[in-house]
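Trainee: One-letter residues, chain by chain:
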Amino acid sequence: MAKDDITKSFKFIGTRPNRPDGFEKVTGRAKYGADISAVGMLHGAVLRSPYAHARIKSINFEKAAKLDGVKAIITRDDFPKDREGEPLKLLENTIAGEIAYYDGHAIAAVAATSVFTAKEALKEIEVEYEVLPHVIDVDDAMKPNAPIVRENAGDFSVPEGSSPNVASYIEFGRGDIAIGFDKADIVKSGLFKTEAAHQGYIEPHACMAQLDHNGQGEMWVCTQGHWYIRQMCSEVLGLEASKLCVTPSEIGGGFGGKTTIFIEPLALALSKKSGGRPVKIVMSRSEVLRATGPTASASMDVKIGMTKDGYLTAGCVEFRMQGGAFGGSPVSEALQCAFASYNMEAVHHIGFDVLANRPRAAAYRAPGSPMAAFAVESLIDEMCTDLNLDPIDVRLKNAVAEGSKSSYGPKFKKIGLIETLEATKEHPNYSIELGVNQGRGVAAGYWMNHGGETSVSVSLAEDGSVNVSVGTPDIGGSRASIALMTAETYGIPYDSVRVNILETGALGFNEPTHGSRATLASGKAVYEAANQTIAEMCRRVAKKWQIDPEAVYWENGYAKPAGPNAGDFSPISIKQIASEMDKTGGPIAGHHEASIRGVGHSFGVHIADVEVDPETGRVTVLRYLVAQDAGRAVHPSYVEGQFQGGAVQGIGWALNEEYVYGEDGCLQNAAFLDYRIPVASDLPNIDTIIVEVPNPDHPFGVRGVGETGIAPPLPALANAVAAATKIRLRSLPMSPTKVLKALKTGNDGC
Amino acid sequence: MNKIHVKTNINGDQVEFLADPRETLLDCLRDHVGLTGSKEGCGTGDCGACSCIFDGDLVSSCLVLGVEAEGKSIETIEGMAGREELHPLQKKFIEMAALQCGFCTPGILVAAKALLEKNNNPTETEVRYWLAGNLCRCTGYDKIIKAVMETAKEIRETA
Amino acid sequence: MQYHTPSSFSEAVNISNSADGLVKYLAGGTDVLVQLKIGTKSPDHLIDIKKIPGVKEIALREDGGWTIGAAVSGVQLTNHSKLSREWPGLVEGMELVGSAQIQSRATLVGNLCNGSPAADSVPGMITAGATVSVVSSSGTAEIRVEDIPVGPGLTNLGTGEIITAVNLPKRNKHEGDAYLRFIPRTEMDIAVVGCAVNLSLENGVIRSAKVVLGAVGPKVEVATPAAECLLGEKLDEDILSIFSDKCSELAKPISDKRGSEEFRKEVIGVIAKRAAKKAYDRALGNK
Amino acid sequence: MMAVNVYLWASLKKFTNDKDILTIEATTIGELISVLRRDFPGLKPFLDSGISFAINGELSNPNSNESIPDEAEIYIMQKLKGG
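Chains as they are written, first to last, in my numbering: chain A, 1 to 750; chain B, 751 to 909; chain C, 910 to 1196; chain D, 1197 to 1279.
Just chain A, with the same shape it has in the complex (with noise of 0.2 Å):
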């Protein structure tokens, strides 16, 4: 990799134009999931389970089947009985065999003529249930005597002994930990919790689907990744992956909780079953937080050391964490996360996949680091105030560098952890006095960022404008940021590049937009593509000047002669060469298909300012600032709306939001009225700092931005509501509920 392009200055990247997709998306032109219809098309819905754990004794659908407008339903029966392994445990979360696990599990769907007829329909279907125990806390599914949520279910990992919930076990670390312990001169521990957060994007999952009795079919999908969607509904239903093309529609945000499927399998069923007819499920809210998501709850065993002058000695971590029905919780990514941003030379981490009865856990921007971060960041804090050290100048002394030894294992490459630290330091947020009942908070967050398997193309148009083709969806403006390093790749205007997200059928594999890939992976590959293309264009006017293709260079939208040696020819534009390609060879395109590496690692650092009612215990944010290493923001306007997007979901999870369950099992807050997401009025602007320490792994220093920023608000405010109260509350949310009982009676709400 060139890294001089690196620290050269750019033309395009860094500028701020107008997204190309702006126009549809105002206009409400752009289609959505739900956005489109077909020539005879279904409706589908979906039964699900009223009961947290229960046997399906039997299911009788005769007087739904009869309704008139009801084409197809379908139950478990109409599913492959062989699968095993991952697409098992797929089919099973998507459909429940002989057993629901959770309130909201699928057990039947229909297809109908309407939506009021298929929901009906849905009424007329007999269910019988045995209800089973079930058990919805991550702590009480790992007492003895708890109730088995699935039997067998854990893994090769699982040490012998543990509660038959634990699904899979981890341990890592190095160093010798009572050492560690040892030299520092205070040693502090804590139990943290935290509740389930859902993604909470405001677009329901919806597909399209259609399916014919030979296997062929397609579909229209509002995902992340919609290669994943293919491999996943061909896995599950048997299907060959080549005849099933997934198109993906506009997608309303993800936040990783549209990686996977739900009602995808049942539409391609449905559609199979009413005799190839396309037919289209959409999700209600309902629906989307009974089924769907929502990240892990979890509970945290913490012990730190630290010398007076503020070192870390050594760090230990148990979290046992909840993914639902069928495993899956990010408990290694979060212990991964956990100590990441400190040079420690002993660490020790334990980490405990646990089953309860709860919808299958899906990714969520940085999939446990937000936990692992609260427990982590407010122990560390605790000491900070016993030691009366300031938090930013500890976190400097232990800050991870290039070079550094992760907690984890592997040593960072160049990194920003220090600078960004520095840049809050300097911040006059920092500084700013505070009031009564006030308080301000720091924490650090960390994610490792994903490259992933990436498959794009570039082709020419005849007048030389570039039609760019990727496999990553636009979920926060990656087309625009794709087209700004197109357009520096070639030096052309930012306006002559279009960029498409295309279809399964079009280009090689492509995971989703997620683990903050879009515009490192995708960007990195196109610009490998885009140089094919320059390299072609380049031979072709070597040929017309009957000079070396070597003897030819690229600059700025020109083809020009490389020196006085070259010969003296007129730069030829990309324009000219373009229109000339018929006549010189034929089409010109790129392809560049790879796993991409290169990853940057990203570190935040968050300034939370509060205020606390001491009579009601709610919190108010009163200021909010964000400093994270992008490497290189490309487009600066969406980088700052991945740090604001990802602060406020902290803020929310750390909050108020939280999945309430009652004594039978059931959420009881499945509506955004209960299930509560920040909205305008809670919130103050949210200031940025870009901090740029590029990435010598990337062409033009990208590290990823969208998932770092969802960490350190859980710490950050729990340290500020900490300053501003005394109170140290060690379980999220930090409703007032809760924190007015702390205020009370000193409670930290484990």
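Errors might be hidden in some of the hints.
Unchecked claim - Derived DSS-like pairs (lysine-lysine); straight-line CA-CA distance at most 30 Å:
1. LYS1209(D) <-> LYS405(A)
2. LYS397(A) <-> LYS188(A)
3. LYS868(B) <-> LYS1166(C)
4. LYS822(B) <-> LYS960(C)
5. LYS1209(D) <-> LYS81(A)
6. LYS1275(D) <-> LYS303(A)
7. LYS1166(C) <-> LYS741(A)
As the list claims (entries may be wrong) - Covered stretches of chain A, as calculated for chain B (at least 3 residues, CB under 8 Å):
8. 32-40
9. 459-472
10. 555-565
Said to hold, decoys possible - In silico negatives: residues of chain A with every beta carbon more than 10 Å from chain B:
11. GLU24
12. ARG29
13. SER114
14. ASP155
15. GLN199
16. GLU203
17. VAL282
18. ASP309
19. TYR311
20. HIS427
21. ASN429
22. ALA647
I should point out that these hints are in silico values taken from the structure, not numbers from a laboratory. The C-beta atom is built at its ideal place from N, Cα and C for all residues, glycine as well.
Starting from the structure of chain A, add chains B, C and D where the hints point.
Mentor: Here is chains B, C and D on its own, set in the frame of chain A:
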């Protein structure tokens, strides 16, 4: 279920459709009139993604029945831009990156327009409270609020 | 479901009395449509009263009081400057119901008929001494607002009985009301607790008081013993503290997803105290 | 053939004769995985469960054709999920 014939005016056009009385105005706009710019995020009036102007009032079209539209006039996101030019709010939202996924955007634009027509000099707090019924999960609201404030300023300056 | 648009209340009563199955009235629809959507109540007949003349009018009666039509929206109330000046507590209670979008549609009568103990506009109506006009096949009656709710989701109204309007008494000098509620967010939540206070003063001394607590019992509760603490007082900190404790003592809340019993008991006192202060300031004529 | 150090989660020690650092002779990731499978059959479910590699600090999906640089430091971790 007997359908009811509804004659109404949408974005200046006379429109007729047959509505099942259980269908919401949102259902009718999307399924009978083909205007899918108004979105359903919750169906229970909690998210604002379906915001429309109904006889001059800002409403959640998921909380209005389609049959109530008889004889009324309705403005949706599709009617916001002029023939040649976007509405100043639409322009500003693009310029200031006040959208990420774009799903809540139509509802927020319709709601913000209703505010600015009533008050072209709102405080930031007024904008935040007015838009409290429009959930956005991507942006943290920051750029949305700034874009509305900036548009209001522009409208005042050109007025 | 059949949809009806009667042009008079007597027609509405007739439709209701001759209909089979569940009958619901539609004004703002902000509760009815939600129930329809989530399937908790599926009416067989929906009677839209908005085509009835006068239902969207706010009228000043000859006796100096107000009559507010059954389909008057929150926005109409807020925009009515004279009414807002006279009954700020009642109007702010209505204004707290939902978003700007909801305000265009939601009505006082709808909020009352939904029967929720957490209804934001109901405490203010009760402290104002409001009544509702109810028509039925046997004629018209005037019923105190506090006599309408009987329990969560339940009212005293029968199928053929329809509220046509809310009536407010004449406002006198040196009177003031206020409504405050507590919610975890700043908007878009159902009240965890709510309290309305209406006071009338004579030389700064409280001569009459009415206090109503919301969301701390099966229905909104008139807190007479709390109101009595205020009589003959000038509302200093000591009295506020006694008043606050009294409200907490009177509250009989439950624990649910929106708040614990303990929290509600504590915070109703805080909110009541703040509401009383605000009402007192208003009665004094302070802004 | 060259020997490289392979670091594993400590909880996998029960499959590797109580060692969490293994010295393996391999020139590609594919060879490395084959050797692990051959010498430590207990690791099979782990290797099949979806893993990723950090080769000299660079994280990536497994690529069996990838050459292992001299004296590389290799960590095998669970495959990353991202939001």
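Trainee: Work down the list of hints and note, for each, if the structure agrees.
Mentor: Tested hints:
A C-alpha spacing of about 21 Å is found between LYS1209(D) and LYS405(A), which places the hinted pair at or below 30 Å, so the restraint holds. Of the pairs offered as hints, the one joining LYS397(A) and LYS188(A) holds, with about 19 Å between alpha carbons and a cut-off of 30 Å not exceeded. For the hint linking LYS868(B) to LYS1166(C), the alpha-carbon distance of about 37 Å lies beyond 30 Å, and the restraint is violated. Only pairs whose Cα atoms come within 30 Å are accepted, and LYS822(B) paired with LYS960(C) is accepted, the gap being roughly 12 Å.
Restraint check for LYS1209(D) and LYS81(A): not satisfied, since their Cα atoms lie roughly 36 Å apart, outside the 30 Å limit. With a C-alpha separation of about 27 Å, the suggested pair LYS1275(D) and LYS303(A) falls inside the 30 Å cut-off, and the hint holds. A C-alpha spacing of about 16 Å is found between LYS1166(C) and LYS741(A), which places the hinted pair at or below 30 Å, so the restraint holds. Coverage of the segment 32-40 of chain A by chain B holds. Counting CB-CB distances below 8 Å, 4 residues qualify, and the rule asks for three or more.
Note: the segment 459-472 of chain A has 0 residues with beta-carbon separation from chain B under 8 Å; the three-residue rule is not met and the coverage is violated. Coverage of a stretch by a chain is defined here by at least three residues with a beta carbon nearer than 8 Å to that chain's beta carbons; for the segment 555-565 of chain A and chain B the count is 0, and the condition is violated. With a closest Cβ-Cβ approach of about 8 Å to chain B, GLU24(A) is found to fall inside the 10 Å limit, against its non-interface label. Consistency note on ARG29(A): stated as away from chain B, yet its beta-carbon is not over 10 Å from all of that chain's, at 7 Å minimum.
With a least CB separation of 8 Å from chain B, SER114(A) falls inside the 10 Å interface cut-off, contrary to its annotation. Consistency note on ASP155(A): stated as away from chain B, and its beta-carbon is indeed over 10 Å from all of that chain's, at 33 Å minimum. A beta-carbon of chain B comes within 10 Å of the beta-carbon of GLN199(A); the shortest separation is about 8 Å. Some Cβ of chain B comes within 10 Å of the Cβ of GLU203(A); the nearest lies about 4 Å off, and the non-interface call is violated.
Listed as a non-interface residue, VAL282(A) fails to keep its Cβ farther than 10 Å from every Cβ of chain B; the least gap is roughly 8 Å. The beta carbon of ASP309(A) is kept farther than 10 Å from every beta carbon of chain B, the shortest such distance being approximately 37 Å. Even its closest Cβ contact with chain B, about 35 Å, leaves TYR311(A) beyond 10 Å, as expected for a residue assigned away from the interface. The claim that HIS427(A) lies off the interface holds: its Cβ sits roughly 16 Å from the closest Cβ of chain B, which is beyond the 10 Å cut-off.
Look at ASN429(A): its CB is around 14 Å from the nearest CB on chain B, clear of 10 Å, so calling it non-interface holds up. A Cβ of chain B approaches the Cβ of ALA647(A) within 10 Å, the least distance being about 6 Å, so the stated non-interface status is violated.
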